[in-house]
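Chemist: In case you want the letters, here they are:
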Amino acid sequence: MDEAQNLSSPGSPEAVAGAGPPVVEVRGLKRSYGPVQALCGIDFRIDAGQVVGFLGPNGAGKTTAMKILTGYLAADSGCAAVCGFSVEEAPLEVKQRVGYLPENNPLYSEQRVCDFLNFAGLARGLNRLQRRQALDRVVALTGLEPVFRRPIGECSKGFRQRVGLAQALLHDPPLLILDEPTNGLDPNQTQEMRQRIRELGTEKTVLLTSHVLPEVEALAERVILIHQGLKVADGLLNDLRTGQSEADQGLAFRLAIRASTADLQRFLETHQVEAVEVVEAPWGRPDLAAVQARVEDWKAWEALTEAVVQAALPVVEMTPLPSSLEAVFQRLTRAGESGLAQESNDKGGPR
Amino acid sequence: MKAWVLARREWRVAFDTPIAYVVLALFPALTAAFFLLMGPFFAQRQASLRGFFALLPMLFILVVPATTMRLWAEERRSGTEEILHTYPFRVRDLVLGKFLGAWGLVFSALVLTLGIPLAVASLGPLDWGPVWGGYFGSMLLGAACVAIGLFCSACCRNQIVAWILGALVILLFNLCGSAAVAAAMPKGLAALLLQMDFGRRFESLHRGVIALPDVVFFVALTALFLIANGLVVETRRWRS
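Line order of the protein sequences matches chains P and F.
Residue numbering for the first sequence follows my numbering, starting at 1 and increasing by one per position.
Residue numbering for the second sequence follows my numbering, starting at 1 and increasing by one per position.
Chain P with its partners taken away, still in its complex shape (with noise of 0.2 Å):
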């Protein structure tokens, strides 16, 4: 199955808007960092008003990425394009085009915030109108009014974050870059971070990066996943999600029981309750057993909970299990070198 055939055609209803170039655009693109090779050649292409998920685990590239799309990286080989625009031969133009939050968030923290979204401004090119106006926007966006004549160094981390957000849409760009946004932040600011986020994500294209897959999902429309500097699995989060349960039997919830393995598997076949898997004991307690079963299978797990409810077996634990996208994640990058090029060519391999 070609995952990433899915997203050529346009998946979501805001992708047909789009009828010029993709806003962002990746062919062959390798870096390395000395004898270390970053990326060994990805290829994805992101239309307009796509929110994407980038993911992989630390070290797979997916910062070297963003910074050769923001235009602060030169790449060995390959092109990527912004709307159009090269990145090699057009930087200014691309520049003007992405709002880009890089990763830990560097900021000038002598500068006060609002002379630095001035200079922000001014670096875009905007005239004094542009930027006042542009600056009110933003600032009531991010909500920055408390710390607006402040130094950036004596704002908390989540004002930060916020200045940051705020000079990455000064000049209203229709691609944001986001590395890593609610790294660091509170859960308060979390949640806030993402609300922008989402709001953002109605009329821009934004391409972002977190460790929090959770937030991925309830952001993103999309996924691409890299490992190791290859692209290893790329389509729309539904598509991944039940691939991944049809491949893997990607588990659902886990029901745990106070008895024994061997009393478990024997209430199971009186009561002919099929399809679900007795599982090792949560925490490796000896006094519990446990089954799960898949989220697919409604009928397995409401004759399992019906026949628990009638013998009035003792229930210490019904968990959901680790979400699907997590278990595409684990099972896709923690593939060693043996697997990884099989699994690159089945799942992202260059369409």
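Everything labelled a hint here was simulated from the structure, so no lab data went into it.
Keep in mind it's a predicted model, so treat the numbers as computed, not measured.
Beta carbons are placed, not taken as given, at the ideal position from N, Cα and C, and that holds for glycine.
Keep in mind that the hints are not guaranteed to be accurate.
Said to hold, decoys possible - Coverage of chain F stretches by chain P, computed from C-beta distances (three or more under 8 Å per stretch; other residues unrestricted):
1. 74-80
2. 159-165
3. 179-190
Said to hold, decoys possible - Chain P side only, calculated, beta carbon under 8 Å to chain F, not exhaustive:
4. 71
5. 72
6. 92
7. 96
8. 102
9. 107
10. 108
11. 200
12. 202
13. 203
Please arrange chain F on chain P, whose structure you already have, making use of the hints.
Modeler: For chain F alone, coordinates are given in the frame of chain P:
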């Protein structure tokens, strides 16, 4: 002009950090102290600024790298370089902007020393021709020193190292025409080094003789280091 945007920012940021205040306070104070109090000015009984300008190359060794040390090294250390490179600046805008910002600071420091010729003029008849020539030469010398300091900052990740390196290189340009160097070097090389000596080039300028070769020398040296700076910044995109 994009370089101007950055020059203005660097200028303003210098005042957000202690550097501008240190330079603007220390430089005029040091020149006044060395020239009026410790030098032979009063013994000479002559209204001349010769001694003042003779001091400048030595003071620039310490002061100018202080205005440039932060410019690239701090961007690299804090990672803000990444932001700067993703704004629509050309590399030449970046280098020129940072250069103009620091040169502007040197210019202000020189403006603040104008009190010295005014004080001297009140003591006796001062020939202003060499004074303006001297200030013009100081700006050229300052440009070359700023370009050197900026280049050193681009090569370092640490401001202090950038300052020391910059001071060292400017010091070499001040020593390369000295008698000791001439004695140690083969003749041809010694003659070439003598041509590159800052003190000697600058001396003829502040005597009031604005000779084209001296002007060209400082302008070319400035351009050379700025171009090298651009290359260092550009290469880092490929190699970092």
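Chemist: Each hint: holds or not?
Modeler: Okay, the hints, checked on the actual structure:
1. 74-80: With 3 residues in contact (Cβ-Cβ under 8 Å with chain P), the coverage given for the region 74-80 of chain F holds.
2. 159-165: Violated: only 0 residues of the region 159-165 of chain F have a Cβ under 8 Å from chain P.
3. 179-190: violated (count 0)
4. 71: holds, 6 Å
5. 72: holds, 5 Å
6. 92: OK, holds: residue 92 of chain P within 8 Å of chain F, min 4 Å.
7. 96: holds, 5 Å
8. 102: holds, 5 Å
9. 107: holds, 7 Å
10. 108: holds, 6 Å
11. 200: With Cβ-Cβ at 18 Å, over 8 Å, it is violated.
12. 202: Violated - the Cβ of residue 202 of chain P stays beyond 8 Å from chain F, reaching only about 24 Å at its closest.
13. 203: violated, 21 Å
Hint violations for this structure: numbers 2, 3, 11, 12 and 13, all remaining hints satisfied.
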